[in-house]
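Residue numbering for the sequence shown is 1 to 334, as defined by full-length UniProt numbering.
If you're looking for bench data, these hints aren't it; they were derived computationally from the structure. Check each hint, because a few of them may be wrong.
Unchecked claim - If you anchor each label on the Cβ, the simulated ranges turn out as follows:
{"id": "1", "residue 1": "A41", "residue 2": "L199", "range": "36 to 42 Å"}
{"id": "2", "residue 1": "L195", "residue 2": "L243", "range": "55 to 61 Å"}
{"id": "3", "residue 1": "G127", "residue 2": "Y253", "range": "47 to 53 Å"}
{"id": "4", "residue 1": "L139", "residue 2": "R85", "range": "28 to 34 Å"}
{"id": "5", "residue 1": "Y321", "residue 2": "T178", "range": "50 to 56 Å"}
{"id": "6", "residue 1": "G247", "residue 2": "D304", "range": "45 to 51 Å"}
{"id": "7", "residue 1": "D267", "residue 2": "L199", "range": "56 to 62 Å"}
{"id": "8", "residue 1": "A285", "residue 2": "L243", "range": "19 to 25 Å"}
{"id": "9", "residue 1": "D304", "residue 2": "G45", "range": "50 to 56 Å"}
{"id": "10", "residue 1": "R92", "residue 2": "I56", "range": "26 to 32 Å"}
{"id": "11", "residue 1": "E174", "residue 2": "T298", "range": "56 to 62 Å"}
Claimed, not checked - Calculated lysine-lysine pairs in the DSBU-like style (CA-CA distance at most 35 Å, straight line):
{"id": "12", "residue 1": "K287", "residue 2": "K240"}
{"id": "13", "residue 1": "K240", "residue 2": "K33"}
{"id": "14", "residue 1": "K84", "residue 2": "K240"}
{"id": "15", "residue 1": "K84", "residue 2": "K33"}
All of these numbers come straight from a predicted model, not from anything done at the bench. All C-beta atoms, glycine included, are put in the ideal place defined by N, C-alpha and C.
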Amino acid sequence: MHTIKIGRWDRRVGIAGRGGPGSVARMASSGGKAAIFAALAADAGIAIAKFIGAGITGSSSMLAEAVHSVADTSNQFLLLLGQKRAAQSPDRLHPFGYGRNRYFYAFVVALVLFSLGSLAAIYEGVGKIREPEELTSPLVAIVILGVAVALESFSLATARRESRPLKGRSSWWEFIRTSRNPELPVVLLEDSGALVGLLFAFAGVGLTVLTGDPIWDGIGTLAIGVLLGAIAVVLIVEMKSLLIGEGATPAEYAAIRANLVDGEHIDRVIHLETEYLGPEDMLVAAKIAIVPGLDIATVATAIDAAEVRVRAAVPHVNRMYLEPDLYRAVRADT
């Protein structure tokens, strides 16, 4: 079969101001920064307060929460570093850019949360269950935990507000599972886990005060460690999937297929593949069936129009490689 191949990377700025590596670099630094800075400020302040409280009271659950906050604070720096690295322009070694840096550093965040947060809390909790220690000034711990709840609630509210325009799903859990933006799911899960962890710390300190048995403080610490471990595992699974490459969502895939066809010059999509090279950078490669008998100039114009339609419908499409072909009904689509 004779095939005309017009594989192209359109560097022009298309509809909605997209297209080309420059726009990729600009978009790479825009994802969820307000949520990251809110979490950074909250976590840093909370960590200092918790360490002071742990030192005064001797509470292991308070110490576990302080370590958790240190992990969260370092994680926000990692997310910001990932955005900075992702903004590098493409080069000969990385012709598709550095967008996946955001996925890599989010994956590192999950590992930090598991090692520095979960394992440290579990170790501390087991130790305090085996050798309970009396609390001093538990009221100080309760006051600090209350302040921490307020700050974490502010951070979570900021993350939810930032992710609302991107949500478009039936639940926040679905957003976390299907979002191609790594930072917002990380911050949402971290802040949600932090609030639940604070409740565990409240319960540990409160039951220790009510019963006079400090083993409850150790149990609260252990519960925090298990919680952080569960969150870290979810993040590791999700970030690993993004890191190795995910394609368009079902809705985006359907929109791309529909807009490639115009019914006049392009009558069907023979084959279509997509992949996110970064949170706002999708690669589209497709073989399209051209109406027989068209000259090369008409084919090129039809392809240009198809690119404009697709980018208008799915703005994250930055790179498109379209191969015109003639459809053979007797041949299976390949």
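Hint-by-hint comparison with the structure:
1. A41 with L199: 36 to 42 Å: Given a distance of about 22 Å, which is not inside 36 to 42 Å, the answer is violated.
2. L195 with L243: 55 to 61 Å: violated, 28 Å
3. G127 with Y253: 47 to 53 Å: holds, 51 Å
4. L139 with R85: 28 to 34 Å: Distance hint for L139, R85 is violated at roughly 45 Å.
5. Y321 with T178: 50 to 56 Å: violated, 25 Å
6. G247 with D304: 45 to 51 Å: violated, 24 Å
7. D267 with L199: 56 to 62 Å: Given a distance of about 59 Å, which is inside 56 to 62 Å, the answer is holds.
8. A285 with L243: 19 to 25 Å: Since A285 and L243 have Cβ atoms about 20 Å apart, the given range 19 to 25 Å holds.
9. D304 with G45: 50 to 56 Å: Between D304 and G45, where Cβ atoms are some 53 Å apart, the hint holds.
10. R92 with I56: 26 to 32 Å: At roughly 57 Å between Cβ atoms, I56 and R92 fall outside 26 to 32 Å, so the hint is violated.
11. E174 with T298: 56 to 62 Å: Since the Cβ atoms of E174 and T298 sit about 43 Å apart, the hinted range of 56 to 62 Å is violated.
12. K287 with K240: holds, 29 Å
13. K240 with K33: holds, 22 Å
14. K84 with K240: holds, 20 Å
15. K84 with K33: Cα-Cα ~11 Å, so holds.
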